[in-house]
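Two chains, two frames, some hints: make the complex.
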Amino acid sequence: MTSRLRPRWVLTGLLAVLVALVAGLAFGPVSLPPLDVVTDLLHHVPGLRVPTALPPRDDAILVQLRLPRVVLGLLVGSMLSLAGGAYQGVFRNRLADPYMLGVAAGAGLGATSVIIFGPRTALSSPVLVPLAAFTGALAAVAVTYLLGMAGARERTTATLLLAGVAVAAFCTAVQTFLLQQHTEEIQEVYSWILGRLTTSGWHEVLILLPYAVVASAVVLSQRRALDVLSVGDEEAASLGLHPRRVRLVLVVAAALGAAAAVAVSGLIGFVGIIVPHAVRLLAGPSYRVILPLSLLFGGAFLALADLLARTVMSPAEIPIGVVTAFFGAPFFLLVLRSGRRAAP
Amino acid sequence: MTGPSLVAARGIGVRVGAARLLGDVDLDVPEGGWLTVIGPNGAGKSTLLRALAGLVPHEGTVTVAGEQVDRLHRRQRARLIALVPQNPVVPPGMSVLDYTLLGRTPYIAPLAVEGAADLAAAHAVLDRLDLTGFADRTLDTLSGGERQRVYLARALAQGARLLLLDEPTSALDIGHQQDVLELVDELRTAEHAPLTVLATMHELSVAGEYADRILLLAAGSVVATGTPDEVLTEELLAHHYRARVRVVPGERGPLVVPVRRR
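Quick mapping for you: the protein sequence lines, in order, are chains C and Y.
Take the first sequence: its letters are residues 1 to 344, numbered as in the UniProt record's numbering.
Take the second sequence: its letters are residues 1 to 262, numbered as in the UniProt record's numbering.
If you're looking for bench data, these hints aren't it; they were derived computationally from the structure.
Positions of the beta carbon are idealized from the N, C-alpha and C atoms, including for glycine.
One or more hints might be untrue.
[Said to hold, decoys possible] With the Cβ distance kept under 8 Å, some of the chain Y side facing chain C (calculated, not the full set):
1. L55
2. E59
3. R75
4. R77
5. L83
6. N87
7. P91
[What the hints assert, rightly or not] Stretches of chain C that chain Y covers, calculated by requiring three or more beta carbons in the stretch to come under 8 Å of a beta carbon on chain Y:
8. 130–143
9. 227–233
10. 282–296
Chain Y on its own, in the form it takes in the complex (with noise of 0.2 Å):
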């Protein structure tokens, strides 16, 4: 996976008032590549997301598919950025349907409602993730994992080829957090317009078990990237944060192992 980059990011900083919660971050994510952003909680993973979505004011550039995001309008922006946050806002009776249909706002002219085109659009990704027989529920009645999947469908209807996951599998159990990153890898290397994948995460054997590349976080800065064998070792995860664990190989990665400390 070393095609061109499609994203690159260079010298990303954050900050709120006095408070430092990003500095000099590069990343660099091949096109068709899956980078996982890992660290421990506050090192500043979900505002890294934020600024390469151009959703906080951050220093530095950020360019996706040859463009730079900052001064791309943000209709442009969205149709070449996806992001599904952490715990994304449900509304309350909203279809599954009307929910996709969100996803076409970029297409749609700003005073305008969607057309033919953007329900066929949304019809394609609902039949894509298997989410037809669920197109007249409301949110509100899905289970965790099949509403994870509707966020993906909203993201996907917006036709971007970067898409951001904050903590995607968080609430789902072991089972349910494989269908979706197995899901999400298929997208991924998909034929027809394939996706690069951001991610963060905190399970950190799933973590190495689908990204080729990781970026460790830890205080706002990067502190390893590299492939998963390389960031995933006892010492860098002990010493940032400040864990017992045991890194044993697996088949598709290695495994991280939490040992009691006493």
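If we strip away everything but chain C, and leave its shape as in the complex, we get (with noise of 0.2 Å):
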């Protein structure tokens, strides 16, 4: 049976996840053993009672400065991974990604608007960028549905992508406007375009980890509504499915889930559209084995990408975008190359 989510695949992604998770927090500036940073990661379970190797000061930079940037990659490729795979099933589109209907243009202007505009501080407070970027997203998001929906007589996917892109190009314009007007603050803007994982400790795994945890519920109960949607909304509603409230659904939790990871890590690359592709042609094209595949591989993936980023030309880091984009696609072609064709 194709559609089953085998154990073996499961396995597999928790322990991308596990090696994510270790190998981040064991290499940077000081190397830590990676068996001492198991053992003092489970000194900070409650209740373990594991004794820790680490000094003091090691233990510091791995919970207080390593482990939640590690967390927050986990995270910010899990969420842009899943959304990637939803509105792929969504817009029974394999060139879907996460960024898609206004999400990364109308982040894009909530950001640069508020870096132009906001207090001097805007940058370093961990609150005001990110607040921008998510309801800067969600606006765009909102308007979309509305035009796609509302506007077309015709009410198909392909109205809904194409209020995407007219609303992406005009928050796009009204960005380049702005910041023709004020090039002081093109490079900060441009930092964040480019997407990052800069931590101020907890914070802004904080920030993301309600959405992320809705958002993965609620897209990943849809599961099987996905599978049910590749035969098209008609066949789907004799099905005795309802496609537009499957669809409504999908795309809020999706455009939440990706706008809280906008918010926190800028607008990062190409996650969302290769992990759940390179998961459907490895395990197979049921959603109920993508979605929750992708949110695996998803996030072991960025943060292995993040590693990368901060530690090759240490101590300057490298934007993560060009490092998911240089390693991902070669693997992806890869993958293209040889997936499933020794299935039946």
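What follows is the structure, encoded as structure tokens:
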């Protein structure tokens, strides 16, 4: 049965997350032995009483600096991949990514506005830019949905995608105009757009976590509905599904997850389109498989990409979007060539 | 075949904007009956099926097994009426078993996935249609005839009492056409869970051989309804199809033979 989530794949996914977690914690300006990292993590689990081998300074690096960043990478990667997978199903379009429907452009405009017009400390504030990006992203999606669903007589998914293109173009135009008028802030805005996982402790993780939990729960609950939707709206309706309701629920949940991820990390490209695709090619086309595995592998992939981004040219950091594309693209081409050819 | 009426439609009309696709259609199909809707391209055959299935807004009322279809929840409706469209969407990479399991959707709670009972039901259907050996094959690797059987399998998995078939044979050669129609007839007359069939068709001789009643639709209205002998006449077909045909008596119904105009 192809639609079943095989334990083998789940275990592989969990292992990938574990490897990304331990590697992300062990490597950096100060390298820590992976085994000590594991025992130190267990040491912090209440009730286990595992003694740690790390001195207090290393323990602080691990728990206060690296752990929040790695966890943030896992969460952002999970959200982007899950949203991308959900959109690919909702729109029956393999090119769908989590930034469509205006999420990216709306977040960009929100962040740009607050960097230019907000207080001078906007960029260093842990709340202002994420809040503006989050609001901009959701506002753009809401406008897209209203335009795409209300304006057109033919309420197809294509009109929704086209409305998204129009909204994105409008937001980008405004953003470009603002930047051109305030060239001194271009550098700051650009660094936000490129995406990065910098943390001021656990703050960003706590911002993202509730949205990640809600978005994951809602999207995963619709996994079978997405499989039914793959036969088209009319046939899905004749099977007892309510296609437009399913689509609305999924778009809201996925947009919420993607917007929250973008708010704390900027626009990290490629993860949301490549991970669900690679999973589809390797593990099968059912969304019951694609969605949970995208969650696991997306998180692991981004956490590992971040590890490379901050270690390869240390102490300088490469923009993480560069890493995801540089390593993701060749890997993806490899998967495209070999994936599923042997499968029945 | 004159059991109690399973399907009763009264005054069915469909409009899209100012265009009237279907107007004032009445029809009845007895339980276990087979009604085939014929008519030239654009007569409204597919629209009629979609209206009966509750998939397009329409005027008039449709009653199936005593239930008024528009008042049913869409899940209840899907347990009563199964539709095989003319060109079903083939999801890439989906296996025959998974496709058949889609038919269990109206029995599966909205947030759940299928359970053992659904799996058993799907396997029973595959077994009944001789598709067990294809369970793990993907739809895109099947031939046209095999695929048509898989579409039927999904519809049967719905456990519906009314089967709507929109041109079930248009993509098949005559041998496979007979395979599919004999199969549908077998399902219709089966002792356990018999089906009532409402199909649209272009092949008129075939339509007459399998259906016990024929409804001729032209420009959205019913122009004739009755037994195959009553509807498949040279005058009616010449007039409404604007075709030159000869109708000759056959073993199981009239045979319609096209003749060159000049």
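- Message: Flag every earlier hint the structure violates by its number, smallest first.
- Response: 2, 6, 8
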